[in-house]
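Protein sequence lines, in the order shown, are assigned to chains A and B. Start counting the first sequence at 0; every next residue gets the next number (numbering that gives the first Met the number 0). Start counting the second sequence at 0; every next residue gets the next number (numbering that gives the first Met the number 0).
Any given hint could be a false lead.
Stated by the list, open to error - With a cut-off of at most 25 Å between alpha-carbon atoms, the simulated DSS-like pairs for lysine-lysine come out as follows:
#	chain 1	residue 1	chain 2	residue 2
1	B	K184	A	K159
2	B	K155	B	K71
3	A	K225	A	K159
4	A	K168	B	K185
5	B	K186	B	K17
6	A	K168	B	K186
7	B	K186	A	K22
8	A	K159	B	K186
9	B	K186	A	K225
10	B	K159	A	K22
11	A	K22	B	K74
12	B	K17	B	K117
13	B	K159	B	K74
14	B	K66	B	K185
15	B	K155	B	K74
16	B	K159	B	K71
17	B	K184	A	K168
18	A	K159	B	K185
19	B	K186	B	K66
20	A	K168	A	K225
Since the hints were made in silico from the structure, they are not lab data.
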Amino acid sequence: MITTDLQGIVEDAAAHLYVWALKDIPQDLRDALADAAERETSVPGQRVLSTILRNVQIADDESNLVCQDTGIAVYTCRVGEHFPLHPVRIYDALKAGTERATIEHPLRSNAVHTITRENTGPNTGYRLPIVHWEFIPDWDGLDVKCVPKGSGSENMSFLKMCIPADGVKGIKQFVLESIVGAGGKPCPPGIVGVGIGGSADYAMYLAKEAIARPIGTRNSDPHVAKLEEELFELLNETGIGPMGLGGDVTVLNCHIEHADTHMTLNPVAVNYQCWAARRASAHIGADGTVDYDREF
Amino acid sequence: MAVHEVTFPIADEQEILKLRAGDEVIVQGHIIGLRDRTQIRIFDQGVEPPMDLRGAFLLHTAPGVRKVGEGKYEKVCIGTTTSARMVRFTEPLGAQYGVRAICGKGGFPDEAIEPMRKHGMVYFAIVGGAAALETTQIEEIEEVAWEELMPECLWKFRVKDFGPLTVGIDAHGNSLYHDVQEAAKKKLEELYARL
Numbered sequence: 000m001i002t003t004d005l006q007g008i009v010e011d012a013a014a015h016l017y018v019w020a021l022k023d024i025p026q027d028l029r030d031a032l033a034d035a036a037e038r039e040t041s042v043p044g045q046r047v048l049s050t051i052l053r054n055v056q057i058a059d060d061e062s063n064l065v066c067q068d069t070g071i072a073v074y075t076c077r078v079g080e081h082f083p084l085h086p087v088r089i090y091d092a093l094k095a096g097t098e099r100a101t102i103e104h105p106l107r108s109n110a111v112h113t114i115t116r117e118n119t120g121p122n123t124g125y126r127l128p129i130v131h132w133e134f135i136p137d138w139d140g141l142d143v144k145c146v147p148k149g150s151g152s153e154n155m156s157f158l159k160m161c162i163p164a165d166g167v168k169g170i171k172q173f174v175l176e177s178i179v180g181a182g183g184k185p186c187p188p189g190i191v192g193v194g195i196g197g198s199a200d201y202a203m204y205l206a207k208e209a210i211a212r213p214i215g216t217r218n219s220d221p222h223v224a225k226l227e228e229e230l231f232e233l234l235n236e237t238g239i240g241p242m243g244l245g246g247d248v249t250v251l252n253c254h255i256e257h258a259d260t261h262m263t264l265n266p267v268a269v270n271y272q273c274w275a276a277r278r279a280s281a282h283i284g285a286d287g288t289v290d291y292d293r294e295f
Numbered sequence: 000m001a002v003h004e005v006t007f008p009i010a011d012e013q014e015i016l017k018l019r020a021g022d023e024v025i026v027q028g029h030i031i032g033l034r035d036r037t038q039i040r041i042f043d044q045g046v047e048p049p050m051d052l053r054g055a056f057l058l059h060t061a062p063g064v065r066k067v068g069e070g071k072y073e074k075v076c077i078g079t080t081t082s083a084r085m086v087r088f089t090e091p092l093g094a095q096y097g098v099r100a101i102c103g104k105g106g107f108p109d110e111a112i113e114p115m116r117k118h119g120m121v122y123f124a125i126v127g128g129a130a131a132l133e134t135t136q137i138e139e140i141e142e143v144a145w146e147e148l149m150p151e152c153l154w155k156f157r158v159k160d161f162g163p164l165t166v167g168i169d170a171h172g173n174s175l176y177h178d179v180q181e182a183a184k185k186k187l188e189e190l191y192a193r194l
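Next up, chain B with everything else stripped away, as it sits in the complex:
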């Protein structure tokens, strides 16, 4: 299992294709935070996001912040939420906006595998609950849009050494979550027989 450093946003699909399920990744550059209500507004209510998502790294988050001025926020505690609730947005994020990476915790179910393969995207698994560490890796909250959805706004963060992340689903059709579930289901049959 390789270790990679990747800077976002990225233009070159090859950067994504070299990542394999199980690999470790450290991220630099800029990432975009969003959650359920943000994506409901984009896709269910048809509102164009006021940030460029091409080549972007999206983080499933609703950060704890402190307001320090008009449209300006300081981090208090920034962590990551459960991704599975938002899996249905994977296809349009890839097809319409050219998003390259989605990062969250707990994984995506199998319905994310095909859109990720088709659009050259990856799912990064972060360690859920490890927000104290994550907060130190976010250098600054550079932009915020849709403040009325607080805390489920559209956030732009500048990060340094963000991770370690694990490639949970790669752009080649591999998913660690799928493999772990398949193995666990077989194991359950064996365990039930012993009860």
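Here chain A stands alone, though its shape is the one from the complex:
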């Protein structure tokens, strides 16, 4: 009985998070965009950034979506060891919540079969939504973060299996050439997510984790945090600028997640997040209480 109720609560939370994320971008992102508008000196770049700020204001005023691309819904779940709802049911709840939000709002439905390209449902389908799981010992809560990710930025994802001899220099070069090659396509200035180490698949997973962090947060490993700072500065020297029209602000920040790897591997994955870096989260207690915020 309790389990069933909790499933309904998680479903409600998912439906709320999806729409909330799409309409109301987080304060840390608003601050970063305002700061970018002050720093930018190119005329087309200023035009882009002032239009972005105007757009965010209109989305607030009219309670409309910031961007029409409602993306694919990606959730990150941190599940406490003692949370009284099994992840199988949490997944069902996230899927049902995504469907409900899509139908009730209504939101554009983007999900298609990857071969036939036929629409598969209200932003759901086989293995959609995508959920990242983390399991937390000695805890009975659940944190859910919703990150709807548009295709313009997701199409600008890149992987390179650098070799150990390429070192950190190889990582930097690959990130730089990826962002220059992407140009205006992923809606810059956004957040460059980089995943290093692990394996090919895990590096990209980590890059996706990186774009979903609050903007400007730094990796707890000082070696990685230093690389984040260096890449952030280097990327803004490329001159790609807002929407690729040239300028000073190419990225709002660079976040890196890492994993230990094989002695002969040096994988680098880049996952871009557009300027409309949508993110919303909820903390759900074992007793069904829900708190909404953006702190992780």
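Use these hints to put chain B onto chain A, whose structure you have.
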């Protein structure tokens, strides 16, 4: 960098020739929305579009809409998609249909420069993701064709003060995207040397 107001569809090529890469443009009148599948149907499947594209302004979009009656839709959220996927349609849109402007986000690669010069066309850069603003500038969805491709139908919108747009590629062979990429490639060499 000049600021222009242009009403579409247009008949006079001079209207297009006065626009220069980097200029700001505000658009009035009627524009036509379409995306990947719409153009695949026209050019790869050879189906004639049931709307007049002469002198038209095309917007790369697949809008979020609400159905309110037979063939009638209200806007919910209308924004713009990445253009680069559709660059190969530039030449036939100019040569066969007399399209004058293509608007999208993120730019066209260099292969669009020559067809745009040859056929007197421009590429307008909109701010990607700024759909809340764009939706307020679309007054009405006047027509829709090929509803079975939803949301990648052929849409006719009436707009007011649509923009601000930036001329990304003009009809004189200039492309901001080309210039920015060339400069960035030079800059990369300098940055690599410092690593």
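*Of the hints stated earlier, which fail here?*
5, 7, 14, 19
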